[in-house]
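The whole structure should be built from the sequences, with the hints applied where relevant.
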Amino acid sequence: MRELNKDEKEMYIMGKLKSKSTGYDLIDKKRRRYMYNYDDREICKHAFLLIHDIGEKRLKNIAHHLKQNGPIPRSHGNKGRKPNHALKFDDIKKVVNFVLRYGEENGLPLPAVPHANDFPETPILLPASTTKTDIHSIYKTACEESHGRAVELSTFKGIWLTCTPHIKIASPRSDVCSKCEKLRCKVTAAVTEEEKSRALDEFKCHIEVSKSEHMVYRTSVHAARIEQEEFGQRPLGYPPSSSPLYNVHYTFDFAQQLTIPHHSRQEGPLYFTSPRKVQLFGVCIEGCREQYNYLVDEDQTIGKDGTSTHGPNTVITLLHHALQSYGFGEMSCKMHCDNCAGQNKNRYVLAYLAWRVLTGLHREITLSMQIPGHTKCLVDAGFSYIKKLYRRADNDSLQDLANVVQKSARGNNAIVVNDGFCWYDWKTFLSTDFSPLSGIRKYHHFRLSAMQPGVVFVKEKYTDPEKAINILRNEDAIFSAANLPPILEKGGLSAERKLYLFNQIRPYVQDHAKDLTCPPPDEE
1 MRELNKDEKE MYIMGKLKSK STGYDLIDKK RRRYMYNYDD REICKHAFLL IHDIGEKRLK
61 NIAHHLKQNG PIPRSHGNKG RKPNHALKFD DIKKVVNFVL RYGEENGLPL PAVPHANDFP
121 ETPILLPAST TKTDIHSIYK TACEESHGRA VELSTFKGIW LTCTPHIKIA SPRSDVCSKC
181 EKLRCKVTAA VTEEEKSRAL DEFKCHIEVS KSEHMVYRTS VHAARIEQEE FGQRPLGYPP
241 SSSPLYNVHY TFDFAQQLTI PHHSRQEGPL YFTSPRKVQL FGVCIEGCRE QYNYLVDEDQ
301 TIGKDGTSTH GPNTVITLLH HALQSYGFGE MSCKMHCDNC AGQNKNRYVL AYLAWRVLTG
361 LHREITLSMQ IPGHTKCLVD AGFSYIKKLY RRADNDSLQD LANVVQKSAR GNNAIVVNDG
421 FCWYDWKTFL STDFSPLSGI RKYHHFRLSA MQPGVVFVKE KYTDPEKAIN ILRNEDAIFS
481 AANLPPILEK GGLSAERKLY LFNQIRPYVQ DHAKDLTCPP PDEE
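Heads up: the sequence shown is residues 1 to 524, going by UniProt numbering.
Keep in mind that a hint or two might mislead.
Here are the simulated lysine-lysine pairs, DSSO-like style, with alpha carbons at most 30 Å apart [said to hold, decoys possible]: (1) Lys60 <-> Lys6; (2) Lys140 <-> Lys157; (3) Lys459 <-> Lys442; (4) Lys461 <-> Lys204; (5) Lys376 <-> Lys467.
Keep in mind that the hints were calculated from the coordinates and are not lab data.
Following this line, the structure appears as structure tokens:
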């Protein structure tokens with residue numbers, strides 16, 4: 001009976017009452033006797049109510065309706081009538097006008113509409129510190145001062161959502177574009193309409209440039225996937241520059257460091273300690289939807305106690321290992337990365353790519369550096385899957401962390417940097433033969449070709465014409481892929497750090513991983 005809706009259930013009960021009713025059919029008859037039955041058996045009234053899952057009062061109302069109107073569906077007496085306390089059009093209009101004025105005075109209009117179908121009007125973002133409850137309080141105060149009717153909070157929110165969905169409260173974010181934030185403040189602080197219009201145009205220009213650069217990334221990923229589908233299975237064991245692939249796309253970046261031990265039910269005192277740190281570096285191959293995530297333990301870094309983890313030697317060594325071990329043997333490729341000028345890696349990464357072209361490992365490489373603050377790409381999606389599972393899993397050792405990475409998504413692969421992994425001094429090696437590119441921070445697109453070795457073709461924007469710059473110091477220099485930089489020794493852990501891990505962190509590690517994560521200082 002519970003699977004029937006209200007009208008179906010009541011019509012069914014009316015039919016049963018009508019078929020077994022006794023007495024006169026006159027409307028003015030005050031009493032009418034009904035016989036209750038189920039499965040052609042007469043039952044008591046209590047059993048009838050229980051079987052049909054209704055109460056006595058509802059059965060009485062159904063019987064009264066049947067007597068007065070016959071077997072037709074019941075309807076509420078107020079159906080079609082407007083309640084006395086219903087909101088009037090003027091009350092709704094006052095709420096809408098208040099929200100629009102508040103958004104105009106305190107909001108920030110977005111120059112670019114994120115989803116034109118969903119937002120026919122320009123979206124307006126209110127400060128993240130604002131809440132709808134605070135805005136409703138201001139609205140209520142204004143209504144009291146004007147002696148007007150004020151709607152309550154739930155109705156206020158409903159009218160806001162229905163009539164002004166383009167006005168929203170901004171969500172707090174991290175890793176935002178510094179230029180966007182400055183321009184937002186400039187728009188908000190503008191006094192005159194002319195200043196506001198000028199600041200808004202500048203903001204819009206910056207957003208349009210960011211959108212066009214992101215479209216370059218999306219176009220490159222799409223071309224790589226189409227080429228991979230046409231090529232078929234992933235080639236394994238292909239030597240460099242041997243497979244007929246020209247649009248293979250790579251994205252590489254660091255994620256926020258992870259720590260071990262880490263438990264889904266984290267102990268409170270562990271929050272105030274410094275657990276063992278693990279760096280996460282990812283290289284995403286978008287064409288085949290694979291991502292190789294390098295886990296660098298604290299004792300495997302170039303510097304002591306986990307230092308020098310983001311320098312050019314670390315980045316280029318990991319990138320070189322990924323290209324040589326998991327590349328497609330393509331003729332040319334495209335790469336995207338964030339603009340890492342703050343860590344002074346741009347010039348060395350560019351020199352490394354020029355070295356790859358000079359040694360014949362690639363025929364052509366295009367490197368695009370995304371605008372800071374607008375760098376979200378597929379490698380970040382792979383990191384997000386790892387972080388989701390990492391927060392819900394217990395990690396007591398590096399192997400536990402590798403298992404989390406491996407299980408986080410189908411395309412995620414874990415590569416643990418162990419004692420057999422070698423770091424190379426690419427910084428010194430490349431500085432000898434390649435000079436720094438002047439004004440590298442203002443350029444976002446770099447192309448290196450075997451047709452003109454040692455020359456970098458640069459562009460500020462993707463639509464700008466190319467400019468050739470030679471970064472090769474000695475054109476007579478001979479390069480060989482077999483000639484690699486000298487190997488760097490790993491820094492390991494200091495005696496103080498080993499003692500700290502043993503005394504402060506070891507009590508929070510599960511027994512099976514104590515000697516792996518926090519070994520005794522005299523045994524490591």
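Structure-based check of each hint:
1. Restraint check: the Cα-Cα separation between Lys60 and Lys6 comes to about 16 Å, which is no more than 30 Å; the hinted pair holds.
2. Only pairs whose Cα atoms come within 30 Å are accepted, and Lys140 paired with Lys157 is accepted, the gap being roughly 13 Å.
3. Of the supplied pair hints, the one linking Lys459 and Lys442 holds, its CA atoms being roughly 9 Å apart against a limit of 30 Å.
4. For the suggested pair Lys461 and Lys204, the alpha carbons sit about 16 Å apart, so the restraint of at most 30 Å is met.
5. A threshold of 30 Å between alpha carbons decides the hint, and for Lys376 with Lys467 the separation of about 27 Å falls inside it, so the pair holds.
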